[in-house]
Amino acid sequence: MKRVVGELGVEKVHVWRGDRHVLKGVSLTLRPGEILHVSGPNGTGKTTLLRVVCGLLRPEQGRVSWLGKSIAAIRDEYQAALAYASHEPALKGDLTALENLRFSVGLKRRVAPAELRASLERTGVAACADLPVRVLSAGQRRRVALARVLAMAASLWLLDEPFTNLDAAGADLVSGLLQSHAAQGGLALVVAHHDLKLDCPVRRLELAA
Amino acid sequence: MWTWFYKLASPPHVYTAAAALAPWFLGLAAIGIGYGLVAGLVFAPPDYQQGDAFRIIYVHAPSAWMSLFAYTTMAVAGAIALIWRIKMGHAVAAASAPIGASFTLLALVTGSLWGRPMWGTYWAWDPRLTSELILLFLYAGVMSLRSAFEDPARGDRAAALLGVVGLVNVPIIHYSVLWWNSLHQGATVAKLGRPSMPGSMLWPLLSMLLGFMLFYGAVLCTRLQGEVLNRERQAKWVREAIQS
Amino acid sequence: MKVGAWGAMILVVRRELCLSFRRPDQLLQPLVFFLIVTTLFPLGLTLQLSLLRDMAPGVLWVAALLSSLLSLDSLFKSDADDGTLEQLALCGQGLTVIVVAKTFAHWLVSGAALVLVSPVVATALGIPVGAFSIMMLSLGLGTLTLSWLGAIGAALTVGLRRGNVLLSLIVLPLAMPLLIFGAGATDRAISGVSPAGALYFLAALCVFTCTLAPFAATVALRITLE
Numbered sequence: 057m058k059r060v061v062g063e064l065g066v067e068k069v070h071v072w073r074g075d076r077h078v079l080k081g082v083s084l085t086l087r088p089g090e091i092l093h094v095s096g097p098n099g100t101g102k103t104t105l106l107r108v109v110c111g112l113l114r115p116e117q118g119r120v121s122w123l124g125k126s127i128a129a130i131r132d133e134y135q136a137a138l139a140y141a142s143h144e145p146a147l148k149g150d151l152t153a154l155e156n157l158r159f160s161v162g163l164k165r166r167v168a169p170a171e172l173r174a175s176l177e178r179t180g181v182a183a184c185a186d187l188p189v190r191v192l193s194a195g196q197r198r199r200v201a202l203a204r205v206l207a208m209a210a211s212l213w214l215l216d217e218p219f220t221n222l223d224a225a226g227a228d229l230v231s232g233l234l235q236s237h238a239a240q241g242g243l244a245l246v247v248a249h250h251d252l253k254l255d256c257p258v259r260r261l262e263l264a265a
Numbered sequence: 003m004w005t006w007f008y009k010l011a012s013p014p015h016v017y018t019a020a021a022a023l024a025p026w027f028l029g030l031a032a033i034g035i036g037y038g039l040v041a042g043l044v045f046a047p048p049d050y051q052q053g054d055a056f057r058i059i060y061v062h063a064p065s066a067w068m069s070l071f072a073y074t075t076m077a078v079a080g081a082i083a084l085i086w087r088i089k090m091g092h093a094v095a096a097a098s099a100p101i102g103a104s105f106t107l108l109a110l111v112t113g114s115l116w117g118r119p120m121w122g123t124y125w126a127w128d129p130r131l132t133s134e135l136i137l138l139f140l141y142a143g144v145m146s147l148r149s150a151f152e153d154p155a156r157g158d159r160a161a162a163l164l165g166v167v168g169l170v171n172v173p174i175i176h177y178s179v180l181w182w183n184s185l186h187q188g189a190t191v192a193k194l195g196r197p198s199m200p201g202s203m204l205w206p207l208l209s210m211l212l213g214f215m216l217f218y219g220a221v222l223c224t225r226l227q228g229e230v231l232n233r234e235r236q237a238k239w240v241r242e243a244i245q246s
Numbered sequence: 121m122k123v124g125a126w127g128a129m130i131l132v133v134r135r136e137l138c139l140s141f142r143r144p145d146q147l148l149q150p151l152v153f154f155l156i157v158t159t160l161f162p163l164g165l166t167l168q169l170s171l172l173r174d175m176a177p178g179v180l181w182v183a184a185l186l187s188s189l190l191s192l193d194s195l196f197k198s199d200a201d202d203g204t205l206e207q208l209a210l211c212g213q214g215l216t217v218i219v220v221a222k223t224f225a226h227w228l229v230s231g232a233a234l235v236l237v238s239p240v241v242a243t244a245l246g247i248p249v250g251a252f253s254i255m256m257l258s259l260g261l262g263t264l265t266l267s268w269l270g271a272i273g274a275a276l277t278v279g280l281r282r283g284n285v286l287l288s289l290i291v292l293p294l295a296m297p298l299l300i301f302g303a304g305a306t307d308r309a310i311s312g313v314s315p316a317g318a319l320y321f322l323a324a325l326c327v328f329t330c331t332l333a334p335f336a337a338t339v340a341l342r343i344t345l346e
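As they're listed, the protein sequences go chains A, B and C. Just so we're aligned, residue 57 is where the first sequence starts under our numbering, counting upward by one. Just so we're aligned, residue 3 is where the second sequence starts under our numbering, counting upward by one. Just so we're aligned, residue 121 is where the third sequence starts under our numbering, counting upward by one.
Chain A with its partners taken away, still in its complex shape (with noise of 0.2 Å):
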């Protein structure tokens, strides 16, 4: 795997939702091979910071630069470079596993069925690969999201709430995806409730309301 170039800035982000101010002047960086865990109480605007992180929700005031560029500048590269999990596994229903990951990862790069196999196989759901996703469970979706995650070969891992729905050995599985992406000089920030018991150096973003 090619060495992984990129490095997030985020600075002094001002976010308002109608009257609320929801982030206030957030500020962070982060590294190959750090994973950021961002944490905080309901509606404290995590979700929002993800958004505004992948580019989706513009701040008032503040700016996210990748590389030091602003991404606003670098949208369509910036974008290429992470993989976004949102709070829900954001499947069509009506396609089967493979082609989801087909149509969403074959956006990024040239990718050969096998190698979608391949990764929904290390997220366990290899044979719900030609299985509509609407007959998955909620488990076996998130399994489904991730194993689309882990196909995007991205820099970058913009994950909300990922351990939702999977039982223990489901959210074993995430921390050793996370573990092996920041071990291989990825990045990833985080959207979690519960600790992150990872066996590397995780830091820690409380947001207060």
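Relax, there's no trap hidden among the hints.
Quick look at which bits of chain C chain B covers, simulated, 3 or more residues with Cβ under 8 Å:
hint, region
1, 270-279
2, 290-303
3, 336-345
It is worth saying that the hints were derived from the structure and are not from the lab. Just so it is clear, CB atoms sit at the ideal spot from N, CA and C, and this is done for glycine as well.
Place chains B and C on chain A using the hints.
Positioned in the frame of chain A, the structure of chains B and C alone reads:
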């Protein structure tokens, strides 16, 4: 240089500017409309073809003009707000929309009243009337879209985009009498070359037009003050201004 | 290896077609609506074919407009509801590529399908066979323009409560010139006069819309995604 512009567009500045300008606009508008009405309704000679019925032009033509002017203002303000993220642009667009819609309605109604003696019918589906009606629907669409969003910031941006998209209709309305065989009379004032109206009829019309424009400015400034206060109600300067 | 813009567009079109054909009933509903609406006019107005012929172009076009509006709601809604719209937006190809591909695929299954079904409807309304080619050409251009206007409207109203009503409110005024020229072209073809003028205008509207609407729709979608 741009910081000067951004300072100009800051909410407290816009509020004080609007508050200061409104009475002046209103006063000058009263003069313009007053002179226009008196000179046009009383002193201008009757038209050789239409007699006294033509006098409705003194209300109809300025309202039609203002309906286009207000829409353009709304669209441009919205575009400025979208591109350069100047929030006061959204305030101007929001304040302008209902005024423009009212002018459009006035133009359609006065036009309809004029159509009866001139063409024998209250309504005809000719290009100019149809496109002016479309303009009314566009105003309605922009206002509905703005209010349909729970987050007012997103509503503003969506309405601004729709305003810009609908801007295409404005030149169509204006040039429709030139491009198609229209029942509606051609351009008498807004064309290159000398206007095809005698001075005694023209001056009151121009005065009414100017008066309507100033009236639009006065109402816009008044509404703008309300919009600014509403949008900035969390800001410190608003709370201080209310308490004082 | 990176995927180019063309490759991405083709992939998205394939995705859309794949999804549409997995739900054939949803594909057919707007077409059935088109057939039903055109039936309403003769039943409500007059049953004499010779009189119907005069109204036929207008009736056909209004029905096409309304059934297109019905299907436009689904352009972005399903993706917005299950979160896949964000995934598409973040694919790194730029939102415009996605919007162009989705709108084109949507036109293929709604507008183009409408054009293919139109001869059936036209016969029921008394339009002579000689006018069919002009009618289908004008409908083709018109539905393409409408898909684009609808894309802007759909992008602005996706996720709103009663969004489909607001969508109609926004799109119909913008589509009125389309109706005038489209029905006008068909009307002229029926009466034997050259429809060239109206067709040129329709084509101009189509080109104008297809060129500028993608950018407007992209901005609209970004506003919605925030």
